[in-house]
Amino acid sequence: MPISQISLRTGKPDAYRQAIFDGLYRALRDALDVPDDDQFMTITEHDAANFRYGNAFGIARSDDLVYIRIIVFDTRTAEQKKALFRRLAELLSERPGIRPEDLFVNVLDAPKENWSVGYGLAQFA
Amino acid sequence: MPISQISLRTGKPDAYRQAIFDGLYRALRDALDVPDDDQFMTITEHDAANFRYGNAFGIARSDDLVYIRIIVFDTRTAEQKKALFRRLAELLSERPGIRPEDLFVNVLDAPKENWSVGYGLAQFA
Amino acid sequence: MPISQISLRTGKPDAYRQAIFDGLYRALRDALDVPDDDQFMTITEHDAANFRYGNAFGIARSDDLVYIRIIVFDTRTAEQKKALFRRLAELLSERPGIRPEDLFVNVLDAPKENWSVGYGLAQFA
Numbered sequence: 086m087p088i089s090q091i092s093l094r095t096g097k098p099d100a101y102r103q104a105i106f107d108g109l110y111r112a113l114r115d116a117l118d119v120p121d122d123d124q125f126m127t128i129t130e131h132d133a134a135n136f137r138y139g140n141a142f143g144i145a146r147s148d149d150l151v152y153i154r155i156i157v158f159d160t161r162t163a164e165q166k167k168a169l170f171r172r173l174a175e176l177l178s179e180r181p182g183i184r185p186e187d188l189f190v191n192v193l194d195a196p197k198e199n200w201s202v203g204y205g206l207a208q209f210a
Numbered sequence: 086m087p088i089s090q091i092s093l094r095t096g097k098p099d100a101y102r103q104a105i106f107d108g109l110y111r112a113l114r115d116a117l118d119v120p121d122d123d124q125f126m127t128i129t130e131h132d133a134a135n136f137r138y139g140n141a142f143g144i145a146r147s148d149d150l151v152y153i154r155i156i157v158f159d160t161r162t163a164e165q166k167k168a169l170f171r172r173l174a175e176l177l178s179e180r181p182g183i184r185p186e187d188l189f190v191n192v193l194d195a196p197k198e199n200w201s202v203g204y205g206l207a208q209f210a
Numbered sequence: 086m087p088i089s090q091i092s093l094r095t096g097k098p099d100a101y102r103q104a105i106f107d108g109l110y111r112a113l114r115d116a117l118d119v120p121d122d123d124q125f126m127t128i129t130e131h132d133a134a135n136f137r138y139g140n141a142f143g144i145a146r147s148d149d150l151v152y153i154r155i156i157v158f159d160t161r162t163a164e165q166k167k168a169l170f171r172r173l174a175e176l177l178s179e180r181p182g183i184r185p186e187d188l189f190v191n192v193l194d195a196p197k198e199n200w201s202v203g204y205g206l207a208q209f210a
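Protein chains in written order, with the working numbering: chain D, 86 to 210; chain W, 86 to 210; chain R, 86 to 210.
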């Protein structure tokens, strides 16, 4: 049920961005065991002037930095989130080739009553 | 006090997008009883390569899918959220004519101390 | 560790938008005591048809309204958030000159296990 927002600098080819979607979906399958075709994600591209990052926490980030914000059920455990971060770094470093330094992931938790995946129903409440 | 982010595919006319704003505002008035002119919303349009959705949970979605993320006070009840989803589907299917299958809504809860609606004050804390 | 999303109308010069980044970073330093170079922020610009605001709560907002959404550790106190809102309004009114009426800020809280700032690790869990 996760829904994800991805932000990166403008200019990467379509295939690069599709590989991010594919890797994120695969990581969600592997780490959170989401159902088949549970992929709900958008990418927003930003010009240099609209994209800021720092090197805090001793990590040398680059213009290839990718921000990923994922909203999940609040029933997910710390272990599941840890597995998700790890798997995401593995998969995205393989394809499209994102340096592990350039992956900034943030998870938000929402209770089951907070989701409507169609028809105006609260399917999981 | 809700603030909403709407994501959809690029290409819908202005009037279509205004109807989404109008319907969302009306649904918030009806379901959450928000004050007059409490409408704070943005739309982001995405090219095909930046917009991904699946058919999970047995729902046949289309390229007209609309993602709506709404942040509300954490005092809202499950009943209110249910009413919001239902009203939103009703109103947006009337105008601009969004299929109920194509409405994906997610709510996030934030305590009253987390809001500043102007002047740098925490008006509701 | 905060990550922020800023939304405003299209058309402000680069320097204006850089001043928003600078002011937000400075406010986070001052109010939340975040580490050096802990700046993770994006701006999304919206055409008029994709940007809606109202005058609820007796505040006369304008087209220069700026929405700022900030995700922080859930250990932040109400006092810290209050200080953040106040400092943000001060700094952004100095530079780039945003009216305090035109600042709409929303904070979301996420536990330490929800963050990966690089390498696929949950650095703060």
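No wet-lab data here; the hints were simulated from the structure.
One or more hints might be untrue.
[Stated by the list, open to error] Each computed DMTMM-like pair below joins lysine to aspartate or glutamate, with the alpha-carbon atoms no more than 25 Å apart:
no. : chain 1 : residue 1 : chain 2 : residue 2
1   : D       : Lys197    : R       : Asp115
2   : R       : Lys197    : D       : Glu186
3   : D       : Lys167    : R       : Asp115
4   : R       : Lys197    : W       : Glu198
5   : W       : Lys197    : D       : Glu198
6   : W       : Lys97     : R       : Glu130
7   : D       : Lys97     : W       : Glu130
8   : D       : Lys97     : W       : Asp148
9   : W       : Lys97     : D       : Asp132
10  : D       : Lys197    : W       : Asp132
11  : W       : Lys197    : R       : Asp132
[Unchecked claim] With beta-carbon atoms standing in for the labels, derived distance ranges:
no. : chain 1 : residue 1 : chain 2 : residue 2 : range
12  : R       : Glu175    : W       : Phe142    : 27 to 37 Å
13  : W       : Glu179    : R       : Phe209    : 38 to 48 Å
14  : R       : Glu175    : W       : Ala133    : 38 to 48 Å
15  : R       : Gly143    : W       : Gly143    : 44 to 54 Å
Where a beta carbon is used, it is the ideal one built from N, C-alpha and C, also for glycine.
Results of checking the hints against the structure:
Pair hint Lys197 (chain D) plus Asp115 (chain R) does not hold up; C-alpha atoms about 36 Å apart against a cutoff of 25 Å. Restraint check: the Cα-Cα separation between Lys197 (chain R) and Glu186 (chain D) comes to about 19 Å, which is no more than 25 Å; the hinted pair holds. At most 25 Å may separate the alpha-carbon atoms for a hinted pair to count; Lys167 (chain D) and Asp115 (chain R) exceed this at roughly 30 Å. About 20 Å separates the Cα atoms of Lys197 (chain R) and Glu198 (chain W), which keeps this hinted pair within 25 Å; it holds.
A C-alpha spacing of about 20 Å is found between Lys197 (chain W) and Glu198 (chain D), which places the hinted pair at or below 25 Å, so the restraint holds. A distance of roughly 18 Å separates the Cα atoms of Lys97 (chain W) and Glu130 (chain R); the hinted pair therefore holds under the 25 Å criterion. Our distance criterion of 25 Å between C-alpha atoms is met by Lys97 (chain D) and Glu130 (chain W), whose separation comes to about 18 Å. A distance of roughly 23 Å separates the Cα atoms of Lys97 (chain D) and Asp148 (chain W); the hinted pair therefore holds under the 25 Å criterion.
With a C-alpha separation of about 23 Å, the suggested pair Lys97 (chain W) and Asp132 (chain D) falls inside the 25 Å cut-off, and the hint holds. As the CA atoms of Lys197 (chain D) and Asp132 (chain W) are separated by approximately 30 Å, the hinted pair breaks the 25 Å bound. A threshold of 25 Å between alpha carbons decides the hint, and for Lys197 (chain W) with Asp132 (chain R) the separation of about 30 Å lies outside it, so the pair is violated. Restraint check, Glu175 (chain R) to Phe142 (chain W): a C-beta distance of roughly 47 Å breaks the suggested window 27 to 37 Å.
Roughly 46 Å separates the CB atoms of Glu179 (chain W) and Phe209 (chain R), a value that falls within the hinted 38 to 48 Å. At roughly 43 Å, the beta carbons of Glu175 (chain R) and Ala133 (chain W) sit within the given window of 38 to 48 Å. Separated by about 46 Å at the C-beta atoms, Gly143 (chain R) and Gly143 (chain W) satisfy the suggested range of 44 to 54 Å.
Hints 1, 3, 10, 11 and 12 from the earlier list are contradicted by this structure; the remaining hints agree with it.
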